[in-house]
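Student: If you want the building blocks of each chain, they are given just below.
2 protein chains.
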Amino acid sequence: MAQQRSEETRAHILDAAVRRFAISGYNAASVDEICGDAGVSKGAFYHHFPSKQAIFIALLEGWLKTIDEAIIALRKPSVPETFVHMTEVLPAIFAAADERLPMFLEFWIQASRNEEIWKATIAPYRHYRDHFAKLVEDGIAEGSLKDVDPQAAAEVILSLAVGLFLQGVLDPQGADWQNIARQSMQILMNGLAK
Amino acid sequence: MAQQRSEETRAHILDAAVRRFAISGYNAASVDEICGDAGVSKGAFYHHFPSKQAIFIALLEGWLKTIDEAIIALRKPSVPETFVHMTEVLPAIFAAADERLPMFLEFWIQASRNEEIWKATIAPYRHYRDHFAKLVEDGIAEGSLKDVDPQAAAEVILSLAVGLFLQGVLDPQGADWQNIARQSMQILMNGLAK
Chain A
1 MAQQRSEETR
11 AHILDAAVRR
21 FAISGYNAAS
31 VDEICGDAGV
41 SKGAFYHHFP
51 SKQAIFIALL
61 EGWLKTIDEA
71 IIALRKPSVP
81 ETFVHMTEVL
91 PAIFAAADER
101 LPMFLEFWIQ
111 ASRNEEIWKA
121 TIAPYRHYRD
131 HFAKLVEDGI
141 AEGSLKDVDP
151 QAAAEVILSL
161 AVGLFLQGVL
171 DPQGADWQNI
181 ARQSMQILMN
191 GLAK
Chain B
1 MAQQRSEETR
11 AHILDAAVRR
21 FAISGYNAAS
31 VDEICGDAGV
41 SKGAFYHHFP
51 SKQAIFIALL
61 EGWLKTIDEA
71 IIALRKPSVP
81 ETFVHMTEVL
91 PAIFAAADER
101 LPMFLEFWIQ
111 ASRNEEIWKA
121 TIAPYRHYRD
131 HFAKLVEDGI
141 AEGSLKDVDP
151 QAAAEVILSL
161 AVGLFLQGVL
171 DPQGADWQNI
181 ARQSMQILMN
191 GLAK
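From first to last, the protein sequence lines are chains A and B. By our numbering, the letter at position 42 of the first sequence is numbered 42, and the numbering carries on one by one without gaps. By our numbering, the letter at position 183 of the second sequence is numbered 183, and the numbering carries on one by one without gaps.
Simulated from the structure, these hints should not be mistaken for lab results. Predicted, not measured: the structure shown is a model, and the values here were computed from it. Do not rely on the hints blindly, as some may be mistaken.
For identical chains, the list gives no copy identity; a pair is met inside one copy or between any two copies.
Cut-off 25 Å, straight-line C-alpha distance, at most; resulting in silico cross-link-like pairs (SDA-like, lysine to any residue) [said to hold, decoys possible]:
| # | residue 1 | residue 2 |
| --- | --- | --- |
| 1 | Lys134 | Pro172 |
| 2 | Lys134 | Asp171 |
| 3 | Lys119 | Ala22 |
| 4 | Lys146 | Ala175 |
| 5 | Lys134 | Gly174 |
| 6 | Lys194 | Ala152 |
| 7 | Lys146 | Gln183 |
| 8 | Lys52 | Cys35 |
| 9 | Lys119 | Gln173 |
| 10 | Lys146 | Val84 |
| 11 | Lys119 | Asp176 |
| 12 | Lys119 | Gly174 |
| 13 | Lys134 | Ile71 |
| 14 | Lys134 | Asp176 |
| 15 | Lys76 | Tyr125 |
| 16 | Lys194 | Glu81 |
| 17 | Lys65 | Ala92 |
Isolated chain A, as found in the complex (with noise of 0.2 Å):
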């Protein structure tokens, strides 16, 4: 009882953090602000997190979480057909990823100007494209893709993946961005197909 009790005051807070940090900013946002927004002591938010830094890095990685059981773990029959069907999930890293844009933006902002942040903003990054780059040496063994540089790859398909999420969190309405997501993967594979 006191474990699930615990676990529902965490989540109280990460949810208030989010809508907080939404509507202030994340810098602008106060511990004592999330706080009571959910309805807890400063004792039992730091029991919880050590900082309003912690808080971020906590939603960074459940929405990672999110990505990676959409992402990671999907394998279709070859690795072009697997990198395609990734674009099927988007729509629900989107809906992740929702009001918390902008937070993930001035994130952005601190990792350039601290060091500890931009480990936690770059770790991303880096886990998807080793995952990718693992993905393209599979292609490459099972003959479906041509003899690259599967790190080079990678790096194409994340850097689109990138450019794809920024734009259709900041601009949903300009473009059909499944649709476009999917064809930019389609041709991505081409150009590796063997």
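Dock chain B against chain A, hints included.
Tutor: Just chain B now, with coordinates in the frame of chain A:
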């Protein structure tokens, strides 16, 4: 003479604003501070710029002009060569963006909350997308590219460019970005070429 002095004052204000935005952030930087740094009166400031936002838009437009001069004017014997050659100008674009990145990210945050800033932020994307689409049309007409949807192909190229730019400025040591940009564009062109 008065004309020349006025342009010098404008340039001083822009220089001071870039530095101040980089140090304090766009939100925290005040017109008073920028005037102090530039050594101009508030009257002189408001003669040139109606607001802090107007200065930001002027800086954004100046930077985009640098890109335009490097990219829009570029023409090589074929369209695929033109696109691949564009990646050679990447270092110049990075150098021009330089310490302005945190400011651009902050502007994206504002853009997600403010209609007018959103328009100024989105306009360049659409501008480059249209330019790329026109180039792809030329490539189809000259027979170097497959009969693809020019808008979709332009989106792919733009997404890749946005993703490379963002990663390159956030993680300059993480990879040889110019090399990755060239390889990426080559893979894309392989996928689009007839």
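Student: Look at each hint and say if it fits the structure.
Tutor: Verification of the hints:
For the homomeric pair lysine 134 and proline 172, the shortest alpha-carbon distance between copies (23 Å) is at most 25 Å, but the shortest distance inside one copy (31 Å) is not. Taking identical chains as interchangeable, the C-alpha atoms of lysine 134 and aspartate 171 lie at most 25 Å apart only when they sit on different chains, with a minimum of 21 Å there against 32 Å within one chain. In this assembly of identical chains, lysine 119 and alanine 22 lie within 25 Å of each other by CA distance both inside one copy and across copies; the values are 23 Å within and 20 Å between. Proximity of lysine 146 and alanine 175 under a CA criterion of 25 Å is satisfied inter-copy only: 22 Å between copies versus 31 Å inside one chain copy.
Taking identical chains as interchangeable, the C-alpha atoms of lysine 134 and glycine 174 lie at most 25 Å apart only when they sit on different chains, with a minimum of 18 Å there against 33 Å within one chain. For the homomeric pair lysine 194 and alanine 152, the shortest alpha-carbon distances inside one copy (16 Å) and between copies (23 Å) are both at most 25 Å. Both within a single protomer and between protomers do lysine 146 and glutamine 183 lie at most 25 Å apart by alpha-carbon distance, with minima of 20 Å and 14 Å respectively. In this assembly of identical chains, the alpha carbons of lysine 52 and cysteine 35 lie at most 25 Å apart only when taken from the same copy (11 Å versus 34 Å across copies).
Taking CA atoms no more than 25 Å apart as the test, lysine 119 paired with glutamine 173 passes between copies only; the shortest distance there is 13 Å, against 32 Å inside one copy. For the homomeric pair lysine 146 and valine 84, the shortest alpha-carbon distances inside one copy (17 Å) and between copies (20 Å) are both at most 25 Å. In this assembly of identical chains, the alpha carbons of lysine 119 and aspartate 176 lie at most 25 Å apart only when taken from different copies (19 Å versus 33 Å within one copy). For the homomeric pair lysine 119 and glycine 174, the shortest alpha-carbon distance between copies (11 Å) is at most 25 Å, but the shortest distance inside one copy (32 Å) is not.
For a Cα distance limit of 25 Å, the shortest separation of lysine 134 from isoleucine 71 inside one copy, 13 Å, qualifies, whereas the shortest one across copies, 34 Å, does not. In the homo-oligomer, the alpha carbons of lysine 134 and aspartate 176 lie at most 25 Å apart only across protomers (20 Å), although the nearest pairing inside one protomer, at 29 Å, exceeds that limit. Taking the shortest Cα distances, lysine 76 and tyrosine 125 sit within 25 Å of each other inside one copy (23 Å), while across copies they are farther apart (34 Å). Both within a single protomer and between protomers do lysine 194 and glutamate 81 lie at most 25 Å apart by alpha-carbon distance, with minima of 14 Å and 22 Å respectively.
Proximity of lysine 65 and alanine 92 under a CA criterion of 25 Å is satisfied intra-copy only: 12 Å inside one chain copy versus 37 Å between copies.
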